[in-house]
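If you want the building blocks of each chain, they are given just below.
There are 2 protein chains.
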Amino acid sequence: MTAKPDFSKGNGLLPAIVQDAESGEVLMLAFVNEEAWEKTLETGKAHYWSRSRKQLWQKGETSGHVQLVKEIRLDCDLDTLLFKVKQLGGAACHEGYATCFYRRFEGGDLRIVEERVFDPKEVYRK
Amino acid sequence: MTAKPDFSKGNGLLPAIVQDAESGEVLMLAFVNEEAWEKTLETGKAHYWSRSRKQLWQKGETSGHVQLVKEIRLDCDLDTLLFKVKQLGGAACHEGYATCFYRRFEGGDLRIVEERVFDPKEVYRK
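Protein chains in written order, with full-length UniProt numbering: chain A, 1 to 126; chain B, 1 to 126.
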């Protein structure tokens, strides 16, 4: 029997937490359906399902900031994934930060606590 | 203006990644609605919305394994939360492991790669 996430849950769309395999920093969260799961296994590169664009995407297909999946963990309920990755380009966030979680909530305010790694205007110009 | 997560998204239910504030280990994922958010801020203890039981719950209310929230990060889209916590009792998972992600996916199999911290039958007996 082949183990896999339980895609009968979450309307077939499960959250994947993405963590830097070396530093342990949490980089982002995205959603994975069965197609994205299969593509990720097949290629070793993180694939997700975009809920806004309603399509499969490979992380980094525009920016080049591909995520090489080093390890996959599944949670106790088999409905959440943890991808431990090597983040190419050093930044997961389309805003140019290493992590999407670059703002700390402090008593009602949001404070940027990370350094920008790249300029989004340079990377995403079309 | 008070910053907060964008509860207009995800039908008012946003994923919260829970990370050990010291070790950086990812412990679990749960969902937060506006009520759980307010309760978490008010008490400093992680509160979530249970999708299966359809009710607010404080993590650890049965097991005593409360999560003290040390830091909150919000992502670029304001629709995912990161709680950095001190996990009381040393274990977040109801299966008795420090992390819910105690199984590694290895070529179609799931392998337990963490040690059990407690016996669920002892902690959750009713």
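A portion of the hints provided could be inaccurate.
To be verified - Just some of the chain B residues that point at chain A, by a computed CB distance under 10 Å:
1. E42
2. L68
3. E71
4. D75
5. E95
6. Y102
To be verified - Subject to a maximum C-alpha distance of 20 Å in a straight line, what follows is the list of computed SDA-like cross-link-like pairs (lysine to any residue):
7. K9(A) x Q55(B)
8. K45(B) x L68(B)
9. K4(B) x E114(A)
10. K39(B) x R104(A)
11. K70(A) x E25(B)
12. K45(B) x R51(A)
13. K54(A) x N11(B)
14. K70(B) x R111(A)
15. K70(B) x K4(A)
16. K4(A) x V113(B)
17. K4(A) x R111(B)
18. K4(B) x R53(A)
19. K4(B) x E106(A)
20. K86(B) x E106(A)
21. K9(B) x E38(B)
22. K121(B) x D77(A)
23. K45(B) x G108(A)
24. K9(A) x R53(B)
25. K39(A) x G107(B)
26. K9(A) x K45(A)
27. K54(B) x S8(A)
28. K39(A) x E106(B)
29. K45(A) x E61(A)
30. K86(A) x E25(B)
31. K39(A) x P15(B)
32. K9(A) x L110(B)
33. K9(B) x R53(A)
34. K9(A) x K4(B)
35. K9(A) x G12(B)
Keep in mind that the hints were calculated from the coordinates and are not lab data.
Cβ coordinates follow ideal geometry from the N, Cα and C atoms, glycine included.
Do the hints match the structure? See the list:
no.	hint	in the structure
1	E42	violated, 13 Å
2	L68	violated, 15 Å
3	E71	holds, 6 Å
4	D75	holds, 4 Å
5	E95	holds, 5 Å
6	Y102	holds, 7 Å
7	K9(A) x Q55(B)	holds, 19 Å
8	K45(B) x L68(B)	holds, 5 Å
9	K4(B) x E114(A)	holds, 19 Å
10	K39(B) x R104(A)	holds, 18 Å
11	K70(A) x E25(B)	holds, 16 Å
12	K45(B) x R51(A)	violated, 31 Å
13	K54(A) x N11(B)	holds, 17 Å
14	K70(B) x R111(A)	holds, 15 Å
15	K70(B) x K4(A)	violated, 33 Å
16	K4(A) x V113(B)	holds, 17 Å
17	K4(A) x R111(B)	holds, 12 Å
18	K4(B) x R53(A)	violated, 25 Å
19	K4(B) x E106(A)	holds, 10 Å
20	K86(B) x E106(A)	holds, 18 Å
21	K9(B) x E38(B)	holds, 17 Å
22	K121(B) x D77(A)	holds, 18 Å
23	K45(B) x G108(A)	holds, 17 Å
24	K9(A) x R53(B)	holds, 15 Å
25	K39(A) x G107(B)	holds, 14 Å
26	K9(A) x K45(A)	violated, 24 Å
27	K54(B) x S8(A)	holds, 19 Å
28	K39(A) x E106(B)	holds, 16 Å
29	K45(A) x E61(A)	holds, 10 Å
30	K86(A) x E25(B)	holds, 16 Å
31	K39(A) x P15(B)	violated, 24 Å
32	K9(A) x L110(B)	holds, 19 Å
33	K9(B) x R53(A)	holds, 15 Å
34	K9(A) x K4(B)	violated, 28 Å
35	K9(A) x G12(B)	holds, 18 Å
Violated hints, listed in ascending order, are 1, 2, 12, 15, 18, 26, 31 and 34; each of the other numbered hints is respected by the structure.
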